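Engineer: Letter by letter, the chains look like this.
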Amino acid sequence: MASSSSAAGAAAGGGVGEQRGSPSTSVSERMQKSLEDSVETLLGAFASAANQHTTSLLLELWRDEHVKYLKKGYQHLSSTYSVLDSSRPWLCYWILHSLAMLNQHYSSAVCYRSIDFLSRCQDKHGGYGGGPGQMPHLATTYAAVNALVTMGGEKALASIDREKTLQFFLRMKQPFGGFRMHDEGEIDVRGCYTAVSVAHILDIMVPELLENIPEYICSCQTYEGGIGGEPGAEAHGGYTYCGLATLALMNRVDVLDLPSLVNWVVFRQGAVEGGFQGRTNKLVDGCYSFWQGGVFSLLQRMMPELISQQEGWNGPLLAASQGFSSMSDASNCVEEVAGDETEGSVDVEKEKRTSQRPTVINQFMSTDDQLLYGPLFNAQALQGYILLCCQVLEGGLRDKPKKSADYYHTCYCLSGLTLAQDSASHRINAPPPPRAVLGPYSNLLEPVHPLCNVVLRRYYEAVRFFRHSPPVASYLG
Amino acid sequence: MDREEGEDWEPLRARAAWADVVPIPQDDGPRPVVPIAYTDQFREVMDYFRAILAKDERSSRALELTAEVIALNSANYTVWHFRRLVLEALRSNLEEELDFIESVAENNFKNYQIWHHRRWVAQKLGVGAVSGELEFTEIVLLDDAKNYHAWSHRQWVLQELGGWEGELDFCSRLLEKDVYNNSAWNQRYFVVTKSPLIGGLQAMREHEVHYCVDAIKAAPMNESPWRYLRGLFKGDQDALAHNPLVVAACIEEIRKDASCVQALSLLVDLLCAGFRPTPSDTELLHQPVSSPADLASNVCTHLENVDAMRARYWAWRRSLLPSTTPVS
Ligand SMILES: [Zn+2]
Chain F
1 MASSSSAAGA AAGGGVGEQR GSPSTSVSER MQKSLEDSVE TLLGAFASAA NQHTTSLLLE
61 LWRDEHVKYL KKGYQHLSST YSVLDSSRPW LCYWILHSLA MLNQHYSSAV CYRSIDFLSR
121 CQDKHGGYGG GPGQMPHLAT TYAAVNALVT MGGEKALASI DREKTLQFFL RMKQPFGGFR
181 MHDEGEIDVR GCYTAVSVAH ILDIMVPELL ENIPEYICSC QTYEGGIGGE PGAEAHGGYT
241 YCGLATLALM NRVDVLDLPS LVNWVVFRQG AVEGGFQGRT NKLVDGCYSF WQGGVFSLLQ
301 RMMPELISQQ EGWNGPLLAA SQGFSSMSDA SNCVEEVAGD ETEGSVDVEK EKRTSQRPTV
361 INQFMSTDDQ LLYGPLFNAQ ALQGYILLCC QVLEGGLRDK PKKSADYYHT CYCLSGLTLA
421 QDSASHRINA PPPPRAVLGP YSNLLEPVHP LCNVVLRRYY EAVRFFRHSP PVASYLG
Chain W
1 MDREEGEDWE PLRARAAWAD VVPIPQDDGP RPVVPIAYTD QFREVMDYFR AILAKDERSS
61 RALELTAEVI ALNSANYTVW HFRRLVLEAL RSNLEEELDF IESVAENNFK NYQIWHHRRW
121 VAQKLGVGAV SGELEFTEIV LLDDAKNYHA WSHRQWVLQE LGGWEGELDF CSRLLEKDVY
181 NNSAWNQRYF VVTKSPLIGG LQAMREHEVH YCVDAIKAAP MNESPWRYLR GLFKGDQDAL
241 AHNPLVVAAC IEEIRKDASC VQALSLLVDL LCAGFRPTPS DTELLHQPVS SPADLASNVC
301 THLENVDAMR ARYWAWRRSL LPSTTPVS
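The listed protein sequences correspond, in order, to chains F and W. FYI, full-length UniProt numbering numbers position 51 of the first sequence as 51, with every residue one higher than the one before it. FYI, full-length UniProt numbering numbers position 112 of the second sequence as 112, with every residue one higher than the one before it.
It cannot be assumed that every hint is accurate.
[What the hints assert, rightly or not] Pulled from the structure, derived: some chain F residues nowhere near chain W, Cβ distances all over 10 Å:
| id | residue |
| --- | --- |
| 1 | Ser26 |
| 2 | Leu84 |
| 3 | Asp85 |
| 4 | Lys164 |
| 5 | Asp203 |
| 6 | Asn212 |
| 7 | Glu224 |
| 8 | Thr280 |
| 9 | Glu311 |
| 10 | Ala436 |
| 11 | Tyr441 |
| 12 | Val463 |
| 13 | Pro471 |
[As the list claims (entries may be wrong)] 27 Å max Cα-Cα, derived BS3-like pairs, lysine-lysine:
| id | chain 1 | residue 1 | chain 2 | residue 2 |
| --- | --- | --- | --- | --- |
| 14 | F | Lys68 | F | Lys124 |
| 15 | F | Lys400 | F | Lys71 |
| 16 | W | Lys55 | F | Lys124 |
| 17 | F | Lys68 | F | Lys403 |
| 18 | F | Lys403 | F | Lys72 |
| 19 | W | Lys124 | W | Lys110 |
| 20 | F | Lys68 | F | Lys402 |
| 21 | W | Lys256 | W | Lys177 |
| 22 | F | Lys155 | F | Lys402 |
| 23 | F | Lys72 | F | Lys400 |
| 24 | W | Lys110 | F | Lys400 |
| 25 | F | Lys164 | W | Lys55 |
| 26 | F | Lys402 | F | Lys124 |
| 27 | F | Lys403 | W | Lys110 |
| 28 | W | Lys110 | W | Lys177 |
| 29 | F | Lys402 | W | Lys110 |
| 30 | F | Lys400 | W | Lys177 |
| 31 | W | Lys217 | W | Lys234 |
Because the hints were derived from the structure by calculation, they are not lab data. Being a predicted model, the structure only gives us computed values, none of them experimental. For glycine and all other residues, C-beta sits at the position ideal for the given N, C-alpha and C.
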């Protein structure tokens, strides 16, 4: 791998290292160059395609192959999957959610078997474990609940013990705001997200559960702008999504420094590849299409808060520009007055926006909300990376060229793809215009809820179902 | 590479020491979904583990059995958890447990469970574990310099048990090897802001700005030091905008290369934070401007071209700039 990459680097020439005339290139540079080469080969084949028919063909989502790959795994996994023996609800979710995005319906027999299996993973004291008889774990609880929500129907939803799930969450809750992933387990930002996302769907968001979460997540935002797994840790796409989504679910995104978060996340999109990297100077990876792409979907729905923070940042510039007489011509008196007026009107505008600011969560709940702002990332380029670099001919999607497909990457590549397609919609729950969908319009996937990552219509069904369930009260006792 | 199944593995049902135990099969139901085609060894080891777990047997044979399960699936958190209960019950030698972790992990230091277990052991061992843990993470990072868990563990050791003395040098060494290693930059920030021996961000700022500017000059496209530079002024944008070293480095890189995205991006932020450019600075992009806001707007427009992937972001940044000079 290393030898082939340096050979490719030498042949192509003009890499980052050569440009600055450095005598030796670092590991990071060599790996980046090697990936860019293989991506450029794939994108190049597309760019040199003779006509529109060919380009459309190259950009096609291989639905049948992916469906076949997913259905096969749901019925049989080889012994190499033994390392995922403690993640079986995840396998259920990755596969069912991928199939749902591909608009595939499952037979009632499959639903019945899935509910039966997941019930065997549900602990008698609440929460779901990685398999039957395993300890309950926050991540597999999230996966199991999302799998059941994705299947939908009363039987699936009613199989979740809300009351005990809440008791489990409260047992994992730490006074400073974080959550243990399991009894005596590790604590990180994933815990907040998995607990709060499930609590939101099940309508068990009691105050004790939410206490100090904003402070904890805030302490994990790094100097780079993204969020790390625990205080001090490096900014990372997965944790940034988890942290931001948690706060959005709580309607507390105001505690974050959003301008620096946005600035960090826009730079995670590879200038050549179009896909997202998880951290600064790492290689792009298909799964971050969702983790980082999802951050943009969330930001798109919290633009009033983001804009007001960004304008706050720009404050000193306004002052500096008004006092900037040395370069201005004689007309600057007029401009200064105009400037004052602008400042005044900006404040009024800001005031108006603050008072009318729609809560973030409302933006996600309502079925016909307007999306006033387009995405802040390049949604077309992301779709290009997923379609051209992540699809595997035998079915399934992958991290990057030369890797093989797996269910995790299939799920998160497709989740990122549907969010990217949807980012140009003007309305939540309305199909995007054809130009927003890269490739043939038949590539369009089912829309997903960007906070919980389940298909939208199943999300509404579950929320309706649990809002009409009797309130949980026993946690008080 | 993997040991062939069954070659030198004696089935538990054939071992005299396990004759009294009735294995418990997995309660998968009649037609489970996502069924894994377990090897016979995997299935049997798990069946015996379930039996021991059900009895809550905290014995030395139980400890050995958890090792067998972990060898087959080191992500099984239930087994690790139970192993800790057994270790406590047996008052086992925890130094040996560190060796066990290393033998399990070999080249796989990517799962949460191994590192969580390691943290638990180190916590029990206390201050005496410091040098061993720093050495251990260093070895892992030698092979995989951006291993997230290894860095988290290292930070935990430093904060919980100490060992800060050589940490800034350690960061410098790693950055010397690979100045693009953002994890090492993050660790550097961690040391500068958290080490009790250094005096904090304020005291270190000037020193770090110099370090950073040198790194930028060596590799202007490297995003890491640019972010670190901003980080040094976190919460004090005014000081950033008025630091002569920062400003000079930024302007110089743009003069050298007018398409240096990182420098242009910092310039926008400097302007937003109140940096007042000199008349010669304002001619950087060879367009006349009448105010800093005007310059910021021009730089954003320029970035929309030279950093096309982020064109939407730069257009958005531009749209939020105060407009003191309406376009005539
Ligand atoms: Zn990945």
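Engineer: Look at each hint and say if it fits the structure.
Structural biologist: Hints and how they fare:
The claim that F/Ser26 is not at the interface with chain W is violated, since a C-beta of that chain comes within 10 Å of its own (minimum 4 Å). The beta carbon of F/Leu84 sits about 7 Å from the closest Cβ of chain W, which is not more than 10 Å, so the claim that it is off the interface is violated. Here F/Asp85 does not stay apart from chain W, with its beta-carbon only about 5 Å from theirs, under the 10 Å limit. Residue placement check: F/Lys164 keeps its beta carbon more than 10 Å from all beta carbons of chain W (closest about 18 Å).
For F/Asp203, the requirement that its beta carbon stay farther than 10 Å from each beta carbon of chain W is met, with the minimum near 27 Å. Once the 10 Å rule is applied to beta carbons, F/Asn212 is consistent with being away from chain W; the minimum gap is 20 Å. Not every C-beta of chain W lies more than 10 Å from that of F/Glu224, the closest at about 5 Å, which undercuts listing it as non-interface. Against the 10 Å criterion, F/Thr280 falls within the reach of chain W, whose nearest CB is about 4 Å from its own CB.
Its beta-carbon lying about 6 Å from the closest one in chain W, F/Glu311 breaks the requirement of being farther than 10 Å from that chain. No beta-carbon of chain W is positioned within 10 Å of the beta-carbon of F/Ala436; the least distance is around 13 Å. Interface exclusion of F/Tyr441 from chain W stands, the closest Cβ pair being 22 Å apart, more than 10 Å. No beta-carbon of chain W is positioned within 10 Å of the beta-carbon of F/Val463; the least distance is around 25 Å.
Non-interface call for F/Pro471 relative to chain W: holds, since the shortest CB-CB distance, roughly 32 Å, exceeds 10 Å. Proposed proximity of F/Lys68 and F/Lys124 is contradicted: the alpha carbons are some 35 Å apart, above 27 Å. With a C-alpha separation of about 23 Å, the suggested pairing of F/Lys400 with F/Lys71 holds against the 27 Å cut-off. Between W/Lys55 and F/Lys124, the direct Cα distance comes to roughly 18 Å. Compliance with the 27 Å bound is thereby established for this hinted pair.
Distance hint between F/Lys68 and F/Lys403 is fulfilled; the C-alpha atoms sit about 19 Å from each other, no more than 27 Å. This hinted pair checks out: F/Lys403 and F/Lys72 have alpha carbons roughly 20 Å apart, not beyond 27 Å. With a C-alpha separation of about 23 Å, the suggested pair W/Lys124 and W/Lys110 falls inside the 27 Å cut-off, and the hint holds. Annotation: proposed proximity of F/Lys68 to F/Lys402 holds, straight-line Cα distance about 21 Å (limit 27 Å).
Our distance criterion of 27 Å between C-alpha atoms is met by W/Lys256 and W/Lys177, whose separation comes to about 26 Å. Note on F/Lys155 and F/Lys402: the hinted pairing is violated, with a Cα-Cα distance of about 42 Å set against a maximum of 27 Å. For the given pair, F/Lys72 sits about 22 Å from F/Lys400 by alpha-carbon distance, which is consistent with the 27 Å threshold. Annotation: proposed proximity of W/Lys110 to F/Lys400 holds, straight-line Cα distance about 19 Å (limit 27 Å).
Restraint check: the Cα-Cα separation between F/Lys164 and W/Lys55 comes to about 24 Å, which is no more than 27 Å; the hinted pair holds. For the suggested pair F/Lys402 and F/Lys124, the alpha carbons sit about 44 Å apart, so the restraint of at most 27 Å is broken. Only pairs whose Cα atoms come within 27 Å are accepted, and F/Lys403 paired with W/Lys110 is accepted, the gap being roughly 18 Å. The suggested pairing of W/Lys110 with W/Lys177 holds, with an alpha-carbon distance near 23 Å, which does not exceed 27 Å.
Between the alpha carbons of F/Lys402 and W/Lys110 the distance comes to roughly 21 Å, so the proposed pair stays at or under 27 Å and holds. Distance hint between F/Lys400 and W/Lys177 is fulfilled; the C-alpha atoms sit about 26 Å from each other, no more than 27 Å. At roughly 22 Å between alpha-carbon atoms, W/Lys217 and W/Lys234 fall within 27 Å of each other, so this suggested pair holds.
In this structure, the hints that do not hold are numbers 1, 2, 3, 7, 8, 9, 14, 22, 26, in rising order.
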